[in-house]
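Trainee: Given chain A, work out where chains B, C and D should sit, using these hints.
Chains as they are written, first to last, in the working numbering: chain A, 1 to 498; chain B, 1 to 498; chain C, 1 to 161; chain D, 1 to 161.
Certain hints may be false.
To be verified - Derived coverage of chain B by chain A (criterion: at least 3 residues anywhere in the stretch with Cβ under 8 angstroms from a Cβ of chain A; other residues may be distant): (1) 14-25; (2) 333-341.
Stated by the list, open to error - Here are some, though not all, of the chain B residues that point toward chain D, as calculated from beta-carbon distances under 7 angstroms: (3) Ala151; (4) Ala262; (5) Leu466; (6) Ala470.
Honestly, the hints are just simulated from the structure, not real lab data.
By construction, the Cβ of each residue, glycine as well, lies at the ideal position given by its N, Cα and C atoms.
Below, each chain spelled out in residue letters.
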Amino acid sequence: MRSVLVANRGEIACRVIRACTEAGLDSVAVFAEDEAGALHTELATRAVGLTGQGPSAYLDGEAIIAAARASGADAVHPGFGFLSERADFARAVMEAGLVWIGPSPEAIERMGDKMTARITMRDAGVPVIPGCELETSTTGEEERDFQSVLASVRLAAENVGYPLLLKASAGGGGKGMREVHSEAQLEDALRSARREAMTAFGDGRVYIERLLRKARHVEVQVLADGHGRTVHLGERECSIQRRHQKVFEESPSPAMNADLRARMGAAAVAAATAVDYVGAGTVEFLLEEDGTFHFLEMNTRIQVEHPITEAVTGVDLVAEQLRIASGEAMQVGDLHLQGHAIEVRIYAEDPSNAFLPSIGPLAVFRPPTGPGVRFDTGVREGDVVSPSYDPMLAKLVVHAPSRRQALARMRRALDDFVVLGTTTNVGFLRDLLDLSEVVNGTTYTTLIDEVFPAGWTPPVPSTAALAVAACAASMPTKSTSSNSAPSSPFISVARRLP
Amino acid sequence: MRSVLVANRGEIACRVIRACTEAGLDSVAVFAEDEAGALHTELATRAVGLTGQGPSAYLDGEAIIAAARASGADAVHPGFGFLSERADFARAVMEAGLVWIGPSPEAIERMGDKMTARITMRDAGVPVIPGCELETSTTGEEERDFQSVLASVRLAAENVGYPLLLKASAGGGGKGMREVHSEAQLEDALRSARREAMTAFGDGRVYIERLLRKARHVEVQVLADGHGRTVHLGERECSIQRRHQKVFEESPSPAMNADLRARMGAAAVAAATAVDYVGAGTVEFLLEEDGTFHFLEMNTRIQVEHPITEAVTGVDLVAEQLRIASGEAMQVGDLHLQGHAIEVRIYAEDPSNAFLPSIGPLAVFRPPTGPGVRFDTGVREGDVVSPSYDPMLAKLVVHAPSRRQALARMRRALDDFVVLGTTTNVGFLRDLLDLSEVVNGTTYTTLIDEVFPAGWTPPVPSTAALAVAACAASMPTKSTSSNSAPSSPFISVARRLP
Amino acid sequence: MVEFRAREGSVEVQPIPNDGGWVIGSLRVTRLDDVRWSFEEDGAPPRIAYAVRIRDDVWLHVDGRVHRLNLVEAGARGSTEEGGCTAPMPGAVLEVLVDVGDEVLAGSPLVVMEAMKMEHRVLAPANGTVAAVHVEVGARVQQGQTLIDLDSNTTEDSAQR
Amino acid sequence: MVEFRAREGSVEVQPIPNDGGWVIGSLRVTRLDDVRWSFEEDGAPPRIAYAVRIRDDVWLHVDGRVHRLNLVEAGARGSTEEGGCTAPMPGAVLEVLVDVGDEVLAGSPLVVMEAMKMEHRVLAPANGTVAAVHVEVGARVQQGQTLIDLDSNTTEDSAQR
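Next comes chain A alone, as it looks inside the complex (with noise of 0.2 angstroms):
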């Protein structure tokens, strides 16, 4: 392995090619036409335009692995997102002779349906969440099929009970994803849930797991070589979230002690083995409050959150990720959890319009610095923040002996944060800080909507800002044009290093 394709953009992008170029590869980025100039584009050995805008550039596999040709790289890896649970991209790229950097395509696929994963689940002695499996195979937008998908639905959700969780068997994410309280939300939830599903994965295959309320988001990151070797590395708690999307993980759990790790690490570690798992991946569980824990679903993938198990298990995940690609044994030790990680996930969007996403230029953009701060992004100031993807600009990651000392330097560091030019959820996770159930580590999958019902509300101004305000409404407004990056499609850009 000596030059690796990052089939992604963003900031995932930039912490895999510089995790490339310190293990001594090259790297090659690929941007669609909407992103020439980017961050990513400039940190890898080479850079190689896509045809079209927008994501369906990155999702075009037929387009990446000719780009990987074209530029030379005998591997790909695929971030998060896009890609990176597509099996038959998985085949494709190691049918053109490129090393992938993932699992293989026949486990992404068992874990990628998550009724098939729940049976393998359920047969390796995994527990899972109660629930039904539908064998409805109809994927049509036809009213007729519909209807009979509706039917088998409303068979299933009788035995399994309300409040219950319709899912998308090819979901992930939140997407294609509904909560029915009750038989009559039953057909516009299934109706939109399809619909969701369809759009983003071309598959509306659904199933039902009773609505666990209450419960936390734990997960257990696993790394396997191929060298036989299956280890587990701690666990995550990412019970913050809204909309089924995280927003605020740390590790450790709370609510978690040795016992407790040691059973749910080895449950992990078995769901990764039922499939022959090599690679990065993650277990997800539902941990209820009386310790019970429940598999809930399988990333085939490195995962958003990754930086807070990093911080406390000392371990880098994309370079065992690159080592184990290349045919190595892992470099991992005893699991030792030093001191408390947390990451908030920075996006684009309005907290207090619905949580909207937003766009416009990042007219300043100056992310928080310091000890125990670590912060994973790929815009810079400068940029503009568009539509067209995932609203996620950055991760914002603080490690500290202690949780209370991780709480105090993530508020340091969220108040130190400026971003100006486009709307950010800065501060609504500044506010979450301060909720008792975040200080005291309570928190649960619902926590959000609950303590805000009617979503967030600003700060009010002080006479003081508005007198800056005043002030600066006199200098002229802000150029926000973007870098004049160049923009045509086909040209590639590239930094060098010695």
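Mentor: Same frame as chain A, but now just chains B, C and D:
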């Protein structure tokens, strides 16, 4: 303890101020007239101007105590350098009813006078370097006094043998220290060492130690609280120095093993205990190739290179200093070293011109970022480097799972570091990282002098570099005025966080 | 005179140029660079803020918080639409749930949009009758584009609620 | 035409404006923003550099390395002093080790300075005779200020070495 005055400037002031904020304490910055608007003044809750320009302002203990009183601070953190190892200042702080964040004045005195420290350590069973203390107490500049000192130094030197080191008893940081390779050099060296020591410390006394060649500089971090607990936090290897100034530090030491660490750690704890030490301190040793180690000196303050210990131990040393000073027990568990950390010191100096300090605007200043990279600085783009202060601009610290990965990460970070407008040692450091001695960890204190006997030569620009430069030459010269910050000596600036 | 839209009504601020900076009541404001400002109140130490103007908004970071303040330009008032339901962001229309003449209650969904791979519902801002539908399924719309016109119910009705 | 001082002699570069950028031989250079530049050679992918001009110097960061390139302005040549020993940085004079008329060898110390709390020695650049001493102990000097004038020994002498 509610509000801490930080009696320092630059990166260490910023470091301490952030620690105060995270500990829920207010912070008070002080600044010389030529440093109004400096970064540390902005980070603090409140900032107080001192009279005078340059280092002398920060050395005025009375003014600093007055500033603490005026601003309502109830504690003083000295950082390193300046007043940090001045027992009289520590005493004055305590007499003013303020908390001194450091060891007792008695401990500072006994370790600050290097001759007394040698004797104390010998008595405590800690091995010292073969050498000779000189009882001469004359500190005058008169030629007759000098001749009598010279006579006794000459006698002692014969006993110790050449080559030897002439060291100022009041010294530190390489000041007042001279290598003497033959009797012929003795007079010139003595005159020069005494003069430098008189200028820096107001105390010209010197002593003699045998010059240990190819020895490693290995220091042990200790932490002691007021509840009777003293621990060591592993070692730092600081062998790569230039003119006795550390340049590159790492932890753990490549020369260390568990047994040696236990023995050196025990010696360091014995050294601290011998002077009833409380707080964070560092016991420096010379480690010979055969594993023999000798006490060099104890630094009774936080050390420049403390971040590498923080990285591998997970302990926040400055937070512990604050905790211990407020009377609490330290919150440090069993020693567990995770991964490998390296620090390099970024100096405004010209490695191609005898490492002379350089000055200028930081016209472009883009520090490296990314996983495992910590950058502690007191400057930002647009600031101007003045000749008045120590030329250390920043510390670049990396943490990675292994030494090899840490070196790779540091190379990547140095490659990414853009500083234009002021000459720095970044290019030199980058070449240093490729030396086989650094790659293999076989470093010793005279490495730089031996590898770069004729200094360092910058790379020749490529044709492409010249072409870009020629285009940039056609642009208007970059405005390099510093921030038009308030400059009245009595003005104070502050930022209040919510 | 600078006027900002506030949660209710507007706020007027009159900075007076003075000695290289501005004075507003007991406050003194100084510009440090392109984006950094210093301000101090009588007796208190100066503090730092970041502020830039971008078109009709001033964006401000002070005391760890960001504010976006909308400038009311002379003669530009009343531009907010009454009864118009506009696209909250750029995206595609997935479903139109109402027809002209439909009576709707405040909060009921009118249009389903897709943006950034997520569905979003545009809700009725008040009780009313659909007066016009400006988009169809599949249409790409810009932020602020009017999707639906609503005739609000009479003031009497509203007052009764 | 732009001329830079090089280690030996000088280097001339002639950028030709072209299509919003410049062309220099087979290289094409484009400006991205205030400090960032893109350059590409025939066929190779573009690369990024940082470059700014500060008075008579261009500072450049490319391929992980910083270069400081001194511009030779028309008519500004020959300004480097021959035989003058100048202060390498601002600081204070601690000792003057020579008097007018002293013969000195290349590399022998002439003046001891103090700056940033460290001692530095100013050495003779060549063999010669001290022609003038411009500073005394305690004087504060600026960077580049002439401290000592040296009459270099004759060309024959130098040639013999």
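Trainee: Quick check on the hint: B:Ala470 CB to chain D CB, less than 7 angstroms?
Mentor: Status holds, d = 4 angstroms.
Trainee: Does the CB of B:Leu466 sit less than 7 angstroms away from some CB of chain D?
Mentor: holds, 5 angstroms
Trainee: Mind checking, does the stretch 14-25 of chain B have 3 or more residues with a CB under 8 angstroms from chain A?
Mentor: Since 8 is at least three, the answer is holds.
Trainee: Are 3 or more residues of the stretch 333-341 of chain B near chain A, judged by a Cβ distance of less than 8 angstroms?
Mentor: holds (count 3)
Trainee: Against chain D, with CB atoms and a cut of 7 angstroms, does the hint on B:Ala262 hold up?
Mentor: Violated. Min distance 38 angstroms.
Trainee: For the hint on B:Ala151, does the least C-beta distance to chain D fall short of 7 angstroms?
Mentor: With a closest approach of 23 angstroms, the B:Ala151 hint is violated.
Consistency note: the structure conflicts with the earlier hints numbered 3 and 4.
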